[in-house]
Amino acid sequence: MLKNYIKIAFKVMLRNKLFTFISLFGICFTLLFLILLSSVIDYGFGPVKPETKLARTLSITMGSLSTESGGNTMGPLFSPWFFRKYVKPMTTPEKISISSYYNPDVIYRGDKKIKLGIKYTDAEFWDICDFNFLEGQPYNKEEVAATDQVAVINRRLQELYFDGEPTAGKILEYKDKRYLVKGVVDNVSIVRIMPYADIWVPMGHAEIELDKPTLIGGFPGWYASLLAKDKHDIPAIKAEFQKRIENVEFPEGIYNKLLTSASSYQEALARQMFRRQDGNIYPFMMILLGVATIFMLLPAINLVNINMSRIYERASEIGIRKAYGASSIVLTGQFLVENIIITLLGGILSVVMAAIILSIFNRSGILADTTFTINFRVFFVSMGFALFFGILSGVYPAWKMSRLMPVQALEGGE
Amino acid sequence: MISLKNIDKVYRTDRIETTALRSINIEIEKGELVSVMGPSGCGKSTLLNIMGLLDKPSHGNVLIEGQKVDQFGDIKLAALRNKKIGFIFQSFHLINDLSVVDNVELPLIYRLIPGRARRKLAMEALERVGLSTRTKHFPNQLSGGQRQRVAIARAIVGRPEIILADEPTGNLDSMMGAEIMDILLGLNRDDNATIIMVTHDELLAKQTQRIIRLFDGAQVS
Chain S
1 MLKNYIKIAF KVMLRNKLFT FISLFGICFT LLFLILLSSV IDYGFGPVKP ETKLARTLSI
61 TMGSLSTESG GNTMGPLFSP WFFRKYVKPM TTPEKISISS YYNPDVIYRG DKKIKLGIKY
121 TDAEFWDICD FNFLEGQPYN KEEVAATDQV AVINRRLQEL YFDGEPTAGK ILEYKDKRYL
181 VKGVVDNVSI VRIMPYADIW VPMGHAEIEL DKPTLIGGFP GWYASLLAKD KHDIPAIKAE
241 FQKRIENVEF PEGIYNKLLT SASSYQEALA RQMFRRQDGN IYPFMMILLG VATIFMLLPA
301 INLVNINMSR IYERASEIGI RKAYGASSIV LTGQFLVENI IITLLGGILS VVMAAIILSI
361 FNRSGILADT TFTINFRVFF VSMGFALFFG ILSGVYPAWK MSRLMPVQAL EGGE
Chain R
1 MISLKNIDKV YRTDRIETTA LRSINIEIEK GELVSVMGPS GCGKSTLLNI MGLLDKPSHG
61 NVLIEGQKVD QFGDIKLAAL RNKKIGFIFQ SFHLINDLSV VDNVELPLIY RLIPGRARRK
121 LAMEALERVG LSTRTKHFPN QLSGGQRQRV AIARAIVGRP EIILADEPTG NLDSMMGAEI
181 MDILLGLNRD DNATIIMVTH DELLAKQTQR IIRLFDGAQV S
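Residue numbers (the numbering used here), protein chains in the order written: chain S, 1 to 414; chain R, 1 to 221.
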């Protein structure tokens, strides 16, 4: 019987080419959108090199400073002084790192102008992140403490500045300083904004006074990363940080209230996006959910309509089958198989299309060093939803139709 | 074989009520060949649909081989239609997406007969109606007479005891009609099938053993 159902399903699909196209397009478009969206979210939020320890990493970046008169300063605003005074002494994290965000700049090699992003870090930065070293090694604590002229560069800068030649031990000139290249790492996508840079140097080279007592650090912004020994330590780390800033000093003299917290990577990103200091990712998730729901719902409604007309068009066939011994359950089963087949076809098509689109995008260089991949977990969940809607939209009218007396179905369901 | 007791059939809409059948009492014996005649709209097809369990009466009882079917559920009714009854419709009612042989196999699918056995029985039925060379064709590639032969093959493939034919020659020319009638007579004669046939054609009706005449939903003879 199943073979017969499958045979009929393909024949019906071929007969109603327009309906089949619209159904497949609806399913395909929905799944494609969800697969692409999940790829982007996965790459943006998931553990991707060099941020593979995200599950046990917290960061302190966004904050809000209020004045007595009600003024407010918000953003990734803290200074290295703040982090050294209130974060570095923390005891619950396994490791603590202080570093700047990347600063866009240019360097010259002869007449060649090279755009780059520079980042100022401590030595712990290299322990918390998991960079893939192609050559050499990172700078160490002593070199950071002595503000030695040492650097780690990425493959891109190696190619542009050193023509791709082996680089460790060579000198790179930047702003009248001669940096000894200690290591070369793989490129990092700009989507991973925290570790992203082309050149990393000890934080002492930053053009600010690191020990100046001020809460506000200025451009390009600084942050602290806190690595927990175990992810179960995270609440304790958050609590310790809150405790430490209870009696924070306000050296500027104009602020009297500070709001900030140690947050997960996702929370920190949500703060950046929504300029919220409380790290609430609820609105972000609601927007994502809303968009996904709209994209699921529109094709689902479309599918219901298509299936309704498709099944009403086949009322006579239902009548014939009933006359010759098909029960309502058997008929509903037949339409179930048909809907499953079309949804599976749509699913396969969407994966193929997503793979093509992602491969074109990855190769286009629009987002350098970014490799989006298909998240099959999301694909299967989306397929589940598509199947659910497909089945619901196909089986309900089929069930309704199959409940008719055969004579009514033979007359076209009137 | 089939008993109809005090059958009424009333169609109701919001505004009007139409009585299609009133106080029908009919007994059909096993192996009988009966025709149902009457003017258009007198309830002939409704009567046949009720006999074939395709429709329910508004009042009265239908008995098949002494079994009251009124209280049968969907699954039991489907099984009864599948095993006991074969239908031949005026407009053939073939499934256009299926080939001739697949159409004929339809009743056997619901008996869960394996594919190879189904194919064999379908081929035998098609041979019996003289269509063994058109098995891979699709209904829209056949003439009206050939389509009705396919419908007859489908009706007889499961060897049902009852064949209900609703104007089986209505859409055919006289020569084709005569051929179809010959097949029906043969089924009754050779297989002892109980055949009830709705027709407008007096000549065809005269070839049957008994004529039931309806007028305005009532049995007049």
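Honestly, the hints are just simulated from the structure, not real lab data.
Bear in mind that the values here come from a model prediction, so they are computed numbers and not experimental data.
Mixed in with the good hints there might be a few duds.
Listed below are several chain R residues computed to face chain S (Cβ distance under 8 Å; list not exhaustive) [said to hold, decoys possible]:
(1) S40
(2) G41
(3) N49
(4) H93
(5) D97
(6) L121
(7) M123
By construction, the Cβ of each residue, glycine as well, lies at the ideal position given by its N, Cα and C atoms.
How the hints compare with the structure:
For the restraint placing R/S40 at the interface with chain S, the shortest Cβ-Cβ distance is roughly 16 Å, beyond the 8 Å limit, so the hint is violated. Given hint, R/G41 at the interface with chain S, is violated; its Cβ is 15 Å from that chain's nearest Cβ, farther than 8 Å. Because the beta carbon of R/N49 sits about 5 Å from the nearest beta carbon in chain S, less than 8 Å, this interface hint is met. The beta carbon of R/H93 is positioned within 8 Å of a beta carbon in chain S (closest approach about 5 Å), and the interface hint is therefore held.
The interface hint given for R/D97 is met, as the beta carbon of that residue sits about 4 Å from the closest beta carbon of chain S, less than 8 Å. Here the hint on R/L121 is broken, as its CB sits about 14 Å from the closest CB of chain S, past 8 Å. A distance limit of 8 Å between C-beta atoms decides the matter here; for R/M123 the minimum to chain S is near 17 Å, and the interface restraint is violated.
The structure shown violates the earlier hints numbered 1, 2, 6 and 7.
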